[in-house]
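Q: Chain by chain, the residues run as shown.
There are 2 protein chains.
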Amino acid sequence: MPATIRDIRARTGLSVATISKYLNGGNVLPENRVKLQAAISELHYEVNEIARGLVTNKTKTVGVLVYSIESLFNGTLLKYIGEALRSLGYGMLICDSSEDEEVEAQSLRFLVNKKVDGIIVVPVADHSAFLKPARDAGIPVVLMDRSLMDEEHDCVKIDNRMAAFRAMRLLLDNRHEKIAVICSQVEYTGIQRYKGFLEAMEQAGLPVPAEYRKCGRHAMDFGYQSMKELLELNNRPTAVFMTNYEITLGAVMAVKESSFRCPEDISMLGFDDLILSKVVDPKMYMVVQPMREMSEKAVELLLERIENSREKKTGEKKFNEKKSEMPVEIIMGTRIQEGNSIRFLG
Amino acid sequence: MPATIRDIRARTGLSVATISKYLNGGNVLPENRVKLQAAISELHYEVNEIARGLVTNKTKTVGVLVYSIESLFNGTLLKYIGEALRSLGYGMLICDSSEDEEVEAQSLRFLVNKKVDGIIVVPVADHSAFLKPARDAGIPVVLMDRSLMDEEHDCVKIDNRMAAFRAMRLLLDNRHEKIAVICSQVEYTGIQRYKGFLEAMEQAGLPVPAEYRKCGRHAMDFGYQSMKELLELNNRPTAVFMTNYEITLGAVMAVKESSFRCPEDISMLGFDDLILSKVVDPKMYMVVQPMREMSEKAVELLLERIENSREKKTGEKKFNEKKSEMPVEIIMGTRIQEGNSIRFLG
DNA sequence: TCTTCGGAACGAACCGTTTCGCTCTGTTAT
DNA sequence: ATAACAGAGCGAAACGGTTCGTTCCGAAGA
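Taken in order, these protein sequences are the chains called W and F. If you read the first sequence in this note's numbering, its first letter stands for residue 112, the second for the next number, and so on. If you read the second sequence in this note's numbering, its first letter stands for residue 112, the second for the next number, and so on.
It is worth saying that the hints were derived from the structure and are not from the lab. One thing to keep in mind: the hints can contain errors.
Put simply, identical chains are the same to the list, so a pair is met inside one copy or across any two.
[As the list claims (entries may be wrong)] Below, in silico cross-link-like pairs of lysine-lysine (BS3-like), each with a Cα-Cα straight-line distance of 25 Å or less:
hint	residue 1	residue 2
1	367	389
2	306	389
3	367	339
4	169	389
Just so we're clear, the structure is a prediction, and the values are computed from it rather than from any experiment.
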């Protein structure tokens, strides 16, 4: 039903090859240019990406594999990734691994099978085995947020350990000593942040009793429950550090619900300011990641890899081939969202 | 690089046509079956969906166009839609319209251009003009959550007016009379729920003073702000009805932060229980939509439409053609999540 | 004037499938 | 014994583009 390149030929008398050249920005006589432009708009011609894909072996689609599409963190990344891709004409095929390594491996195969040009992954597995199908098919992969243990990969993330370590300054400089942590221990990111926390405490010469260490799931209700327990301790901490958005949200709920006030009775330092700071009183101190920039960097890196792999196939050689073939880890900076959820202990 | 059907031919001596038939479940001699199966697994052959798509005009991909991928409501829908599609071998191409009609129209064209087999939309526009490209291309569309004003379309949703109306019973039966509402007026859903609220109040013969009507954006901070204002009124309401998740979340924050207690000082009735009820104390009364079932229904309906449109093209006629050609509106039931956020006013 | 050269257009092959129409078997009914 | 038929396999023509190698042309250089 839709017009094809051959309809354009019938209309203009030009050959299929010439029309294709025009469509791809090649040199065509000015007079033919206008004829073509006219025919194209009259017939509402649009190139058939499928047919093009068959010969170029490109689908102008990238796969994005996240561990949970409903999590606000993933959702935010997806939004920015999607925008960046769209502006370049790329579609975004999304899979949700439901925090399950099995599903993740399966989804990756699915994406490979769909012949996406590249894949962005926020991984749940911590080793690279599940990426094999992509590697075999020559499909570039860029990781976000989390690295893998066994092998270096293209990756865009923050220095989680350092970010946590530095953020702890806020509490320590305000003379807090009894500091608890609520963190997730299931994924790379959470572990790193926990390490940063422990190092900061150790360096400050402060103990962290077992009941101050709440390590569990990456979930709002875990944060809620943990904070409740902390507030009920006889030896209550004066400050709590929370290492991700979901946990922070739950913990905030718990404090608000208690008779304790923040920051008078309990100081709070959270992670990943997504919307909370616009709403909650007092405004939270938070470690924030540049999610938009991270997404854009990931897309940029991925597309560069895609471009390179295409060139390699065609044997094309550029002298200004400055880009590395090696895995690149891009470490983004973080900043502290100022607030007044931390009390100065004189 | 990957094996093609011709490699299989070389290996088995069978013709391309026969191999294709086998791949699509056609009749092939048992002996050839085993030969084919062996060759396929040895060569790691997998059919090239692109090439197949070129001739079948199907991509096994559906587009999903939501108004905000980061909103938890959309995210939850996407999760279930994605699962349903995946189990049927379909990929999910996602676009975010950022609650902008212009972007929405553009995204729809993008999806059409990508030759998706069908499209699921949670629309932001309230008229059907933006769907024209899909209609022209013969691509089925199923709406979710929101209808359009000018025309009936395939749609899966709840009866928002009725759900709100019925939910109000909870407050009215508990003898509440000073009831405020915080709602979003920007989209179909919010308007309907607001209507339901007003009708319930009217039927109960209760007035709704202007300062009890908080109509604004579909956002957490709007809920937060509105609730704060309500609590500061001299003539404070005894109960508040909140008509979506974001607003409910914000409002809960505001109450928790105030010196007022729920339900002693203020009763609350929310909408869309996504996670809140697992965390917040007191447990909230909430109107809940069957989001999983809605998603599955939408996918089911869409795939049925896709199937039908394929048959129409091939002129295939089935006598058991029971399915309607007319637009179908599937109205799902809602239920009330019990809690104790509502006080009985003796 | 005769070559040389480069830009524009062209024809045809190709990408990896599906599908149409045909042939070739071997079985069943007459 | 023969006609009719069904099942399995085959070759070739699509599908709608890209691209390679070639031809054609006019302008520039010798």
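Q: Each hint should be assessed against the structure and marked as holding or not.
A: Against the structure, the hints come out as follows:
1. 367 / 389: both (16 Å within a copy, 16 Å between copies)
2. 306 / 389: neither (29 Å within a copy, 29 Å between copies)
3. 367 / 339: Answer is both: 10 Å inside a copy and 14 Å across each meet the 25 Å cutoff.
4. 169 / 389: Result: close neither inside a copy nor across copies, 42 Å intra and 45 Å inter.
Figure legend: structure checked against the earlier numbered hints; hints not met, in rising order: 2 and 4.
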